[in-house]
Amino acid sequence: MAAHSINEPSRRQKTIAGTLVIAYALITMIPLAWIFITGFKSPSDAIAYPPKIVFEPTLEGYVNLFTQRTRQTQEFLDANPPEAWYDEIVRQYDMVIVGPSKFGERFLNSVIIGFGSTFLSVFLGTLAAYAFSRFRIPLADDLLFFILSTRMMPPIAVAIPIFLMYRELGLSDTHLGMILLYTAVNISLAVWLLKGFIDEIPREYEEAALIDGYTRFQAFYKIVLPQAATGIASTAIFCLIFAWNEYAFAVLLTSGTAQTAPPFIPTIIGVGGLDWPAVAAGATLFLVPVMVFTIVLRKHLLRGITFGAVRK
Amino acid sequence: MADSTMDRVAQATPPKVAHKIKGLSDRAIAWIFVGPTIFLLLAINIFPLIWTINLSFTNFRANRPNREVDYVGLRNYERILTDSDIWMTMQATAHFLFWTIALQVVIGFALAYLINKKFKGNDLWTTIIVLPMMLSPAVVGNFWTFLYQPQIGVFNYIISFFTGADPSSFEMIGSVTLAPWAIIIVDTWMWTPFVMLICLAGLRSIPDYIYEAAEIDRASKFRQFWTITVPMVLPFLMLAVLFRGIENFKMFDLVVQLTGGGPGTVTELTSINLKREAFEKWRTGYASAYAIILFVTVFGLASIYVKALNKVKER
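Protein chains in written order, with numbering that gives the first Met the number 0: chain A, 0 to 311; chain B, 0 to 314.
Isolated chain A, as found in the complex (with noise of 0.2 Å):
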């Protein structure tokens, strides 16, 4: 097609644009490069001035986020000789490890909680978004509205009722609770989205489905569910960083047993303020999860970033 070479941009500006794309890629790095790094770094390191870039990378940030030290005399130090490398890292600030840090629990409440609402919103929005796209319901329109509209909500607003109603119901810092409150922040997302998917799903598949005997359970899990997969685990991903990330709820909602990592990881404390390898050590821990998930996934991310307006 000859028209088309009108619109193909030339090999300048192809360069020019590349430039400055690349530019700002190098300097939104910054930040995430820095966290990176800091967890390998050494406290005295971390806080040089000029900022360290060569620095001996050492693993006491991460020790740090996993145990729990207290300080000994030099006597206990001598009878008891260290007994793993970790050990030795903690010993030349004459100290020992006495246990784990509260890190691990936190953590795995984040993956169970971040799962578990992420599980339970793309179920039941699955099935809400096929209802909404194949059959008649009353108001439709209106309750996609409402649907979304959930949204709009402050977290602190919606977080005064739900205090109450959780404390009264026994909810309040459980797994359950949290699950339950980010299914329902997350489901007007997912019914949204996977509506979109649902639609592009031709339906004469289900009706020559149904002919062949099939009932509309049937027709549902064993041919509109396959078809939806791609558009499923796109949804879920969204659902699940959403839910990973969440903080608000998670901070005034919590205060332990189910408590998830955002709001633990800034209160890592060390000597003399925030342990900031340590705080980086967790932030990276915490951070990589989702962004293999977004480096995996790109080809996905557009698609359900604008609820399936852009086909490709």
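Bear in mind the hints are in silico, worked out from the structure with no lab data behind them.
Worth double-checking, as some hints may not be accurate.
[Said to hold, decoys possible] Pairs of lysine to aspartate or glutamate residues, derived as EDC-like cross-links and limited to a Cα-Cα distance of at most 20 Å, are as follows:
id, chain 1, residue 1, chain 2, residue 2
1, B, 117, A, 7
2, B, 306, A, 141
3, A, 51, B, 165
4, B, 116, A, 7
5, A, 13, B, 165
[Stated by the list, open to error] Just the calculated beta-carbon pair ranges, DEER-fashion:
id, chain 1, residue 1, chain 2, residue 2, range
6, B, 35, A, 232, 39 to 47 Å
7, A, 51, B, 164, 16 to 24 Å
8, B, 310, A, 207, 38 to 46 Å
9, B, 45, A, 232, 24 to 32 Å
Cβ atoms here follow ideal geometry from the backbone N, Cα and C, with glycine treated the same way.
Assemble chain B onto chain A, guided by the hints.
For chain B alone, coordinates are given in the frame of chain A:
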């Protein structure tokens, strides 16, 4: 729709086959499928909303559940709307909203425009640019306080490296004039990619033939940009502004970790102010009225905006 599907199927098939469509009726299935979602939203959104409205007329305090609760009528609302501190908070929020949206729209659109030039490797760089919006605002905000440290922070170091200023001469988070900018910078870093992605969707939705027609009419590139590209992307851009506006109006996690509302109250946005009233001062009734006012504001502004958006779309 479903009924008509069934009708069509029934008409098109002999009675014997039509009879074979078995199982629950479509109406029953529709209710089974939609029911749980509606129930959950009613339980976790609507019921609490009604409860909040009820609490907003009382002097209830959640930390003293046994104290007698009095209905005080509209007094909470009256106090909020005449409180000068709350107007300061609103101003801080408006300032934050204006600058974050302005910067994100300009940078986001520019990036999308450049990426749409389809240079080599743009997919990889786009993915890198998008990373910040996928991360936890609280964790990221907390770490930025480290980057902003005047003595040891990388941010101050880089700025002073390029400007020659003494890095300890400006304290982003500690200064009354710079603290609002400290949060604007981080928010822009995190959320520009979102605006960019939506603009990119808009740019990709413009069919090539429109440019081809313009080319035949000998319209200049500049003219094509202003008469084709911008108007075609505008609805997408407005949608991005809507989402960012709603999100930033409820902004909480990032700011709590970054500045905690300080110094003083210069970065105390409405959500943080509300949290203070509800969960530190425990003035639950008062905070409920505050929450309702905020909700009505967002909902009202969003509805007006959506109307405008639909008008733009129709053009």
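Failing hints, ascending? Failing hints, ascending: 5, 6.
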